[in-house]
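Colleague: Be aware that the sequence shown starts at 941, since it is given in my numbering, and climbs by one per residue.
No wet-lab data here; the hints were simulated from the structure.
All residues carry an ideal CB built from backbone N, CA and C; glycine is no exception.
Any given hint could turn out to be false.
Ranges between beta-carbon positions, derived for each pair [stated by the list, open to error]:
1. Ala1195 <-> Leu1016: 33 to 41 Å
2. Arg1178 <-> Gln1147: 35 to 43 Å
3. Ile1014 <-> Arg1202: 42 to 50 Å
4. Arg1202 <-> Val1085: 48 to 56 Å
5. Leu1054 <-> Ile1014: 20 to 28 Å
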Amino acid sequence: MSHNLGTTVPAAHDHELARTAAPTVESGPKRVRHHWTLTRTGLYLLLAALPLLAISAQVFGVVPMNTTGALVIIPLAAALAVLCVFAPHPIDRIVGHGLGWGMFACLVYDIFRLDTVYLLDLWGDFIPKMGTWLHSGSDTRTGAVVGYLWRYIGDGGGIGIGFFLIALALGLQHLSRRTVVLTSVAFAVFPVWAGLIATVALSPDGQQAMFPLTPTTLALSLIGHLIFGLVLGLGFLRARHSVGRHWPWSPLLPAARRAGRRTHPSHGRPASRLRSAVRLPARARRPRSAALMQACGECGATARDTDG
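Kindly produce the complete structure, drawing on both the sequences and the hints.
Modeller: Here it is, written out as structure tokens:
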């Protein structure tokens, strides 16, 4: 080592540094992992199912709908909303997509249903009456407001949440568009439509409380649910790349697992993205010709001089 004015200068220069620098791998976004992800997902599925189950419980006379709403459904929804704000989780994003697309599918369904109710007068509208079960009154105007809020947020949004979570668990995000749409339509028929008809048919006062079962009402309600399932499936297709990134488990369906490995060969990351994640340092990425012309500031040696 040579000493000059108190400065230590290395006797030899490391000319191999720029050429032998190891490439660095840019780490992707860190995944948020919680030990109770499964519990949180289960709570969302429970919340998604309760609004429809509350209607069945009311019609069968098991428990009043205002009781289940006030003591179970609304507190659970509020608790999960607080968790979304103060302890956010990737599953929350999936639930948000499912809620939004479920409400939109319900809106499209109601365009058809209300047309047949108020313009064609083919059957009645039991939603205002359902609203009176919630606010414990007889005012049908208030019942209509409460009932339709429950229908869109609770029923439509809940079905959307349930379908999105189940679809991701099965791995539909890796399968074909036809498979996704057919599955969503089938889901809207069974258990959703089948559960509605079973409630009306099997409960003692179901036809008086909701609507009479006739060939017309059966056909109209089935068509409405087919529309709902179609729109919900198209919504899942539109959002599947966004929500698929937040699903933490491998698909349950073997076909979906195989398709997922073909599309995402390394832990859900596409091969092109994996290759693009490798980046060399700035000096190492310079062209070889530029490195040959680069001379050492102290000894004048070039990269060509040190190759031997």
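Colleague: All hints are to be evaluated individually against the structure, with a verdict given for each.
Modeller: These are the hints, each one checked on the structure:
| no. | hint | result |
| --- | --- | --- |
| 1 | Ala1195 <-> Leu1016: 33 to 41 Å | 34 Å, holds |
| 2 | Arg1178 <-> Gln1147: 35 to 43 Å | 38 Å, holds |
| 3 | Ile1014 <-> Arg1202: 42 to 50 Å | 44 Å, holds |
| 4 | Arg1202 <-> Val1085: 48 to 56 Å | 50 Å, holds |
| 5 | Leu1054 <-> Ile1014: 20 to 28 Å | 27 Å, holds |
In this structure, every one of the numbered hints holds.
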